[in-house]
Amino acid sequence: MVEKSTRVIVTVIGEDKVGIIANVSGVLASGGANIIDISQPTMREFFAMIMMVDLKTATLPFDEIKRQLNLKGEEMGLRIDAQHEDVFKYMHRI
Amino acid sequence: MSLQFSAQEIIETIRMVQMEKLDIRTITLGISLRDCAHPEIAIAASKAYDKICRLGGRLVRVGEEIEREYGIPIINKRVSVTPVAIIAESSREDSHVVFAKALDRAAREVGVNFLGGFSALVHKGMTRGDRVLIESIPEALAITERVCASVNVGTTRAGINMDAVAQMGRIVCETARRTASQDGIGCAKLVVFCNAVEDNPFMAGAFHGIGEPECVINVGVSGPGVVLAAIRDKADLDFGQLANEIKRTAFKVTRMGELVGRAASEKLGVPFGIVDVSLAPTPAQGDSVARILEAMGLERVGAHGSTAALALLNDAVKKGGAMASSHVGGLSGAFIPVSEDEGMIEAAQMGAITFDKLEAMTSVCSVGLDMIAIPGDTPPETIAAIIADEAAIGMINRKTTAVRVIPAPGKKPGDMVEFGGLLGRAPVMTLNAYSSSRFVARGGRIPAPLQALGN
Numbered sequence: 001m002v003e004k005s006t007r008v009i010v011t012v013i014g015e016d017k018v019g020i021i022a023n024v025s026g027v028l029a030s031g032g033a034n035i036i037d038i039s040q041p042t043m044r045e046f047f048a049m050i051m052m053v054d055l056k057t058a059t060l061p062f063d064e065i066k067r068q069l070n071l072k073g074e075e076m077g078l079r080i081d082a083q084h085e086d087v088f089k090y091m092h093r094i
Numbered sequence: 001m002s003l004q005f006s007a008q009e010i011i012e013t014i015r016m017v018q019m020e021k022l023d024i025r026t027i028t029l030g031i032s033l034r035d036c037a038h039p040e041i042a043i044a045a046s047k048a049y050d051k052i053c054r055l056g057g058r059l060v061r062v063g064e065e066i067e068r069e070y071g072i073p074i075i076n077k078r079v080s081v082t083p084v085a086i087i088a089e090s091s092r093e094d095s096h097v098v099f100a101k102a103l104d105r106a107a108r109e110v111g112v113n114f115l116g117g118f119s120a121l122v123h124k125g126m127t128r129g130d131r132v133l134i135e136s137i138p139e140a141l142a143i144t145e146r147v148c149a150s151v152n153v154g155t156t157r158a159g160i161n162m163d164a165v166a167q168m169g170r171i172v173c174e175t176a177r178r179t180a181s182q183d184g185i186g187c188a189k190l191v192v193f194c195n196a197v198e199d200n201p202f203m204a205g206a207f208h209g210i211g212e213p214e215c216v217i218n219v220g221v222s223g224p225g226v227v228l229a230a231i232r233d234k235a236d237l238d239f240g241q242l243a244n245e246i247k248r249t250a251f252k253v254t255r256m257g258e259l260v261g262r263a264a265s266e267k268l269g270v271p272f273g274i275v276d277v278s279l280a281p282t283p284a285q286g287d288s289v290a291r292i293l294e295a296m297g298l299e300r301v302g303a304h305g306s307t308a309a310l311a312l313l314n315d316a317v318k319k320g321g322a323m324a325s326s327h328v329g330g331l332s333g334a335f336i337p338v339s340e341d342e343g344m345i346e347a348a349q350m351g352a353i354t355f356d357k358l359e360a361m362t363s364v365c366s367v368g369l370d371m372i373a374i375p376g377d378t379p380p381e382t383i384a385a386i387i388a389d390e391a392a393i394g395m396i397n398r399k400t401t402a403v404r405v406i407p408a409p410g411k412k413p414g415d416m417v418e419f420g421g422l423l424g425r426a427p428v429m430t431l432n433a434y435s436s437s438r439f440v441a442r443g444g445r446i447p448a449p450l451q452a453l454g455n
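Going line by line, the protein sequences match chains G and B. Sequence positions in the first sequence follow our numbering and run 1 to 94. Sequence positions in the second sequence follow our numbering and run 1 to 455.
Check each hint, because a few of them may be wrong.
Claimed, not checked - Computed list of lysine-lysine pairs in DSSO-like fashion (alpha-carbon distance at most 30 angstroms, straight line):
| id | chain 1 | residue 1 | chain 2 | residue 2 |
| --- | --- | --- | --- | --- |
| 1 | B | Lys318 | B | Lys234 |
| 2 | B | Lys234 | B | Lys357 |
| 3 | B | Lys101 | G | Lys4 |
| 4 | B | Lys234 | G | Lys89 |
| 5 | G | Lys72 | G | Lys4 |
| 6 | G | Lys89 | G | Lys4 |
| 7 | B | Lys234 | B | Lys319 |
| 8 | G | Lys17 | G | Lys72 |
| 9 | G | Lys56 | B | Lys319 |
| 10 | G | Lys89 | B | Lys101 |
| 11 | B | Lys47 | G | Lys89 |
| 12 | B | Lys234 | B | Lys267 |
| 13 | B | Lys267 | G | Lys89 |
| 14 | B | Lys47 | B | Lys101 |
| 15 | B | Lys319 | G | Lys89 |
| 16 | G | Lys4 | G | Lys17 |
| 17 | B | Lys247 | B | Lys319 |
To be verified - The following residues of chain G were derived to be distant from chain B, with all beta-carbon distances above 12 angstroms:
| id | residue |
| --- | --- |
| 18 | Lys17 |
| 19 | Ile20 |
| 20 | Asn23 |
| 21 | Gly26 |
| 22 | Ala29 |
| 23 | Ala48 |
| 24 | Met52 |
| 25 | Lys56 |
| 26 | Asp63 |
| 27 | Ala82 |
| 28 | His84 |
| 29 | His92 |
To be clear, the hints were calculated from the coordinates, so they are not data collected in a lab. Ideal Cβ placement from N, Cα and C applies to all residues, glycine included.
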């Protein structure tokens, strides 16, 4: 069996403001998660930042990192979420 | 950039979930109770309770884990069991209510809001156990909270058991009477089928068929809002292009079901059965099948053209879904319940959609007359005749049809009935006032139809 991927997609959606990347990467770094890639498309409807993050080296469990990201989002008035990459793989790749 | 996905794709997924109400409607654990039969019904019931708690104990936790991991809401976690008549008839008791109570306790213990399978398959005839189970339905649904019942009264291969149909007319009335203080809500947990499927994950009609394995995980996806968003404001598309948009969307929605089903199967150590590719509306704004039909160009659902629009929708959903999953099954199509669909409720209130038009639409939708409130004084023979009509549509068209009507005690046409939650609210619809009682009283079976000469 193929080993399950440890990569998650972190999405930040809301109004653009100073310190988004710093804050999000701060949470990720303190959990030992490695950022592989960042993309920052400005969509018609909202600002979005998308990060691919590898949890292979993470010192905290996924649930905890996700909780901290959600909290940080609330603090900054943004919606920050983390989802396993398979969601996007399944929907958009066969 | 080197992400494997484009930003647009990621945003599309997020938008579907956050704005268009894409969700997994249910993960349903099917459990065989065939090894629970016992001459003492109390012992059989307690064996069933133990087995459901043992196999289903982790279902809710695993469901929540998957929700967190993938960020896709899973609205319901449910359990279906072998039709109870088959298990409970080893006893010589005159009631199966004690079994229903045990199922209710088991459902509460494992934390599922509905458990399906207080059921009997009587399309060709009844055993003693079937008869006892059916007679137990009104009391069972009145005193339990989470148990759902279903009875299959016809198939394309066997014809329609009209004795069972007549009896179900009485059972529906009695179930309403016993839950009169809640507008007859017991009937919302009772489905009368023709061509019932063995792997349906959706309530209230779910049961674990006798051809199914020991234990299986089935997934019901939904997403009327996603389909609506895909075709809204696209007035310039012709029907072929419209069908393509729907197929494309159904494909993506079904992929989510496939992912969740595989994850649940792996985490629970239970084989993955099927994805049921259904558009299951909820009373929430923007989660309506009726609004999809209206977006196709109908002023209101129920207008002439509604049947054609639904036929296109139902077929396109199946086509898109069939390509997206290794095993598509269950009911798979568009549901058209009234009380659970905000657009249907509105159309029914303004008289745009009638009972007869709904019946016509069931010939091309995935199931049947669903969650329709009818006058409280409707005679049992009329309800039986409604069931007979619906079963005939299923029998001839080789499809599943069902009746889930609620004769709301004390209510007249136009009154509103409130069921609450996912069950929603509905105006009481007007029925044909002429009697069918002499027809229903004939008894016997309607013969199975020819499978050739198919016009």
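Original post:
With d taken as the least Cβ-Cβ distance between His92 (chain G) and chain B, does d exceed 12 angstroms?
Top reply: violated, 4 angstroms
Original post:
For His84 (chain G), is the shortest beta carbon distance to chain B beyond 12 angstroms?
Top reply: At about 5 angstroms from chain B, His84 (chain G) fails to clear the 12 angstroms cut-off, so the statement is violated.
Original post:
Is the Cα-Cα distance between Lys47 (chain B) and Lys89 (chain G) 30 angstroms or less?
Top reply: Violated, at about 42 angstroms.
Original post:
Are all C-beta atoms of chain B more than 12 angstroms from that of Ala48 (chain G)?
Top reply: violated, 6 angstroms
**OP:** Determine whether the non-interface label on Asn23 (chain G) survives the test: each CB of chain B must be over 12 angstroms from its CB.
**Re:** Since the minimum Cβ distance to chain B is about 19 angstroms, Asn23 (chain G) lies beyond 12 angstroms and the statement holds.
**OP:** Could you let me know if the closest chain B CB is still more than 12 angstroms away from the CB of Ile20 (chain G)?
**Re:** The claim stands: Ile20 (chain G) keeps its Cβ more than 12 angstroms from every Cβ of chain B (closest is about 15 angstroms).
Original post:
Given the proposed pairing of Lys101 (chain B) with Lys4 (chain G), does the C-alpha separation stay at or below 30 angstroms?
Top reply: violated, 42 angstroms
Original post:
Non-interface claim for Ala29 (chain G): all C-beta distances to chain B beyond 12 angstroms?
Top reply: holds, 20 angstroms
Original post:
Going straight from one Cα to the other, do Lys234 (chain B) and Lys357 (chain B) come out at no more than 30 angstroms?
Top reply: Distance ~26 angstroms between Lys234 (chain B) and Lys357 (chain B) Cα, so the pair holds.
Original post:
Was Met52 (chain G) rightly flagged as not at the interface, with every chain B Cβ beyond 12 angstroms?
Top reply: Violated: least Cβ distance 5 angstroms, not greater than 12 angstroms.
Subject >> Separation of Gly26 (chain G) from chain B, once the least beta-carbon distance is taken, above 12 angstroms >> reply: holds, 21 angstroms
Original post:
Beyond 12 angstroms from every Cβ of chain B: is that where the Cβ of Lys17 (chain G) lies?
Top reply: holds, 19 angstroms
In terms of the numbered hints stated before, the structure departs from hints 3, 9, 10, 11, 12, 16, 23, 24, 26, 27, 28, 29, listed from lowest to highest.
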